[in-house]
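Visitor: The residues making up each chain are set out below.
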Amino acid sequence: MAKITKDEVIEVAHLARLAITDEEAVHFADQLEAITNAMELLNELDTENVEPTTHVLEMVNVLREDKAAPGLDRELVLKNVKEHEAGQIKVPTILD
Amino acid sequence: MSLADKTAAELQKLIHTKELTIAEMAEKAFDRIEELDSKVDAFLALDKEGAMEQAAKLEETPIAERGPLFGLPIGIKDNIVTEGIETTASSRILTGFNPIYNATVVEKVKAAGMVIVGKLNMDEFAMGSSNENSYYKNTKNPWNLETVPGGSSGGSAAAVAAGEVPFTLGSDTGGSIRQPAAFCGVVGMKPTYGRVSRFGLIAYASSLDQVGPITRTVKDNALLLNTIAGHDEKDSTSANVEVPDFAAALTGDIKGLRIGVPKEYFAEGVGEAAKQAVRDALKVLEEKGATWEEISLPHSKYALATYYLIASSEASSNLSRFDGIRYGYRTEKAGNLLEFYMNTRSEGFGDEVKRRIMLGTYALSSGYYDAYYKKAQKVRTLIKQDFDKAFEKYDVIIGPTTPTPAFKIGEKIDDPLTMYANDILTIPVNLAGVPAISIPCGFENGLPLGLQIIGKYFDEETVYRVADVFEQATDFHKKTPQVWEGAAQ
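Protein sequence lines, in the order shown, are assigned to chains A and B. When we follow the working numbering, the leftmost residue of the first sequence carries the number 1, and every step to the right adds one. When we follow the working numbering, the leftmost residue of the second sequence carries the number 1001, and every step to the right adds one.
So here's chain B without its partners, still in its complex pose (with noise of 0.2 angstroms):
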């Protein structure tokens, strides 16, 4: 029996019904990885021990106490930190590195009784749209194993997609979630800013990070929201806001729906497969009652810029605390305490890294602060406006999530800027701050293509319920990869 293809619904009635043990499936999760992970190299780290004894516990709990994820198996991004379990970032600089306390959204996916199987690769610190800005291996795409599976939670949608484990957890700072889902054909959330603790992701951008979900079905992606969401006060930028039930949102009405589809989203440089599968997304979405228009944007264009200032300048000031001296790698070569903080830091970041480190430093320093962080700061105002003024008049705004599907490995790594391109359509969202979803919409030369949905502040189940009404109308979701072919589990 294979469980790659399950549902939350359909995998908790394996176990309410006793045809597997909490652990069984565990184990399964285990076989799988086992037999796809050597192609697909989407984990860094496996706790089977630490889950087969997590299993044995759960099994105690008794069935009317379990909600709809109890005993299912998870994988974490790797710079979401798990007590026991080492945690790197995917960086040299945290080789290692074993924390002593969990993050909040690791203790609430344990307090839901779901079993953490191991961490995900991802680029170096989250820096990154390819996956290849790991410092130990890259991730592969298992619907084509030659091309990248997105970044940075990379490692995260591809073991969803390889039918490794239902449920992962991402970050998203750029597009980290949204972008990895599309290329790897999985839904990926990214919630409001705040709707999620961020006690215990390792920070990249502070004021853009968010932690999401990542899985096979919209209604699984609303499960683990629920589990994941809420006001945390070991967070200051944790909002204190209700938490509805997500899952009861997916009411399958969308009548009298409005939407903004913004023409910069379908501006040159955005694929005509990628348009299209998005013009006919909004067919699907017509036909069960919504309305559409086109919108502006205006600011779109200036987004890219705004973002890499920002969220370079909040990383060289968040990684400042790699030195070394508490946990991690440890130069070998070092006379005083400046060489040792210097070559430290140098062999334990990799390129990505030192690079977004002085593009902050330098917009930071003095002579350029006004120029380039402050003009950024008052930029994003600027871009957050667009979209108060457009949520004035649309319930959703509905664009392409990536202008292609997932490129080659090796294909744009020298050149930084084309790199950047590629979260064009993800980044406006993280700083407006607001929540958006991609969903599978259809394939380009056999890869998946992601149709991004945008919501108003704190309404994700807007965008669930409209994601929801599209995924039931369609079959995208129902596709398998390339890798999955001749596998057992």
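So here's chain A without its partners, still in its complex pose (with noise of 0.2 angstroms):
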């Protein structure tokens, strides 16, 4: 049975970019513990001679000739920029 603490669930959240409060790890915590021990049932299965499938169909490689093309239009990218100056998006600073 996996434990999973709120410290865990902070760390998670962390890597996953997720700001979350103390009440909301601990309440993660309660449920991601639950579904973990769900998954569980997985372990009733021996899987070692089993290779995985990432993917039903047979996959082939893609690739298309290397030659140059108009990208997106940049007036219309920054449509949907909340904010921009000079053909830039901005963002807060990155360095402190």
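If you're looking for bench data, these hints aren't it; they were derived computationally from the structure. Bear in mind the structure is a predicted one, so any value in this text is a computation, not a measurement. Incorrect hints may appear among the rest.
Here are the simulated EDC-like cross-link-like pairs (lysine to aspartate or glutamate), alpha carbons at most 20 angstroms apart as the crow flies [said to hold, decoys possible]:
1) A:K6 / B:E1352
2) B:K1234 / A:D73
3) B:K1110 / B:E1083
4) B:K1301 / A:E40
5) A:K82 / B:E1347
6) B:K1389 / A:D73
7) A:K3 / B:D1415
8) B:K1354 / A:E23
9) B:K1137 / B:E1347
10) B:K1057 / B:E1107
11) B:K1039 / B:E1485
12) A:K6 / A:E44
13) A:K79 / B:D1415
Combine both chains into one complex, guided by the hints.
Guide: Structure, rendered in structure tokens:
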């Protein structure tokens, strides 16, 4: 039985770039523990010699010709951006 | 004249005989939406101006050049991007996002001359089985407004059931087309993985997601799949296989057809009414010349856990692109870039989305990867092998779509595990990647039940043929929901 602690939830949330409160961390810890415990059912199965399936169809790598083509129109792209200046997207300070 | 119970062929005839113009038909859809959608809440956005413009242009096409769906209205699930119409996937984080291109399926329905009326509500990022996870509103089941329409394509199924539009597109990751189709008493098809392009579908779990049609009848469904199927070079997971004429496959003949009925789909937890409706359906199909036998898909009980590990892992990766930089919601509270990401995502995503992102991040993290994610991928192989084996002997597999009919709004929302169990009969199909349809097959307490017909890879033709034979022999699809009573249009 996996025990998921509040601190683990905070760590996972950080990795997932989610800010959560202590209260939310406790709530999610309980729920994630219940869910992962239900997932332990899979351990009943011996899968040592089973190949994993990542994709149901046979995948072939798709390579296109290395040819220059126009990208998205900048004006159009900036239509969905909250803040921009001189054709650039504005974001908060990256380095303090 | 009500258009709400008419098939594609009947609607098309109205246009051909000039009883209605294309614009008038679209207008009728908007009138019905105006009349009923305040009760059903299926639509998130309407594009009347765009629809009328499109309708006027379509009128110029000569009748000889018009296909079977030409001029007919369609609604699109809100996780499929539509140029010029706000697309949110029912999430706050995409508020105000106005795509600058169309999904391939949208291009295809437009090329077929269909008129896009608007975008349909769903569970946020397609995560849910009840439509209660939308940031914007809860869609209601037209059969009983106190119950859920199912999820995540609940808006798409409810809009068809309410007679607002005859066609919608949904997406199905673990049952998200078939489960709401069953709850709302309509026809919903999840095609073979790769049959329909996913370009422009906002990804939830890339190896499972598939776009598909929701309609009133099986034939209309086949016609819409004809329109959206096919290889797309913009989607590397799209299959380069021939697309047959699915509507032409409805021959009415199922003599000699072999049906497998998994005993696991009749296990404890599946309601008696759902089981009985399927037994009755099998009798109908037997009378038409099919034979059936009980079979076993022994790894079915592991599907739910496998699904949530794989889907959540893929979701945690897919949803990392939502950072507030290029589109959608952006936090007001940020000092530096890391805070900006974290606050934007925390304020932008709802609880269920956060829960799955965290489960996925946990399952993929160092130390747990083998125990959870890789293990699930291996069990997926076993589930796929169950189907491969069954299809050596049987043409289709049949069972209930859901364990019970629609449940009450609010009944399961605080218990994720119970909610997840609702998709137990549809999830194995997505893990294997095979096609499956849900069609109406009965009622329990006035609420519809669905019959699920599962087919071999790329054999949607047989699935449709069986579905059509059952539909022709029964009248479940002719019953109309509560919300129709007193509706004018």
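Visitor: Holds or violated: B:K1110 with B:E1083, Cα cutoff 20 angstroms?
Guide: holds (12 angstroms)
Visitor: Does A:K79 pair with B:D1415 here, judged by a C-alpha cut-off of 20 angstroms?
Guide: Violated, because 40 angstroms separates the two Cα atoms, which is more than 20 angstroms.
Visitor: CA of B:K1354 to CA of A:E23, is that 20 angstroms or under?
Guide: Holds, at roughly 14 angstroms.
Visitor: Are the Cα positions of B:K1057 and B:E1107 separated by 20 angstroms at most?
Guide: holds (16 angstroms)
Visitor: Is B:K1389 within 20 angstroms of A:D73, Cα to Cα?
Guide: Violated - the C-alpha atoms of A:D73 and B:K1389 are around 50 angstroms apart, more than 20 angstroms.
Visitor: Given the hint that B:K1137 pairs with B:E1347, test it: the Cα-Cα distance must not exceed 20 angstroms.
Guide: Holds: B:K1137 and B:E1347 sit about 17 angstroms apart, inside 20 angstroms.
Visitor: Between the alpha carbons of A:K82 and B:E1347, is the straight-line distance 20 angstroms or under?
Guide: Holds - the C-alpha atoms of B:E1347 and A:K82 are around 16 angstroms apart, at most 20 angstroms.
Visitor: Has the given pair, A:K6 with B:E1352, been kept, meaning a C-alpha gap of at most 20 angstroms?
Guide: Holds: A:K6 and B:E1352 sit about 18 angstroms apart, inside 20 angstroms.
Visitor: Is B:K1039 close enough to B:E1485, meaning Cα to Cα at most 20 angstroms?
Guide: Given that 20 angstroms is the threshold and the Cα spacing comes to 12 angstroms, the pair holds.
Visitor: Quickly compare the C-alpha distance for A:K3 and B:D1415 to 20 angstroms and report which way the hint goes.
Guide: At roughly 19 angstroms apart (the allowed maximum being 20 angstroms), B:D1415 and A:K3 satisfy the hint.
Visitor: Would you mind confirming whether the straight-line C-alpha gap from A:K6 to A:E44 stays at or under 20 angstroms?
Guide: Violated. A:K6 to A:E44 sits at ~28 angstroms, over the 20 angstroms cutoff.
Visitor: Compare the distance between the alpha carbons of B:K1234 and A:D73 with 20 angstroms, and conclude whether the hinted pair is satisfied.
Guide: Between B:K1234 and A:D73 the Cα gap is close to 18 angstroms, so the pair holds against 20 angstroms.
In the structure shown, a violation is registered for the earlier hints numbered 6, 12, 13, in ascending order.
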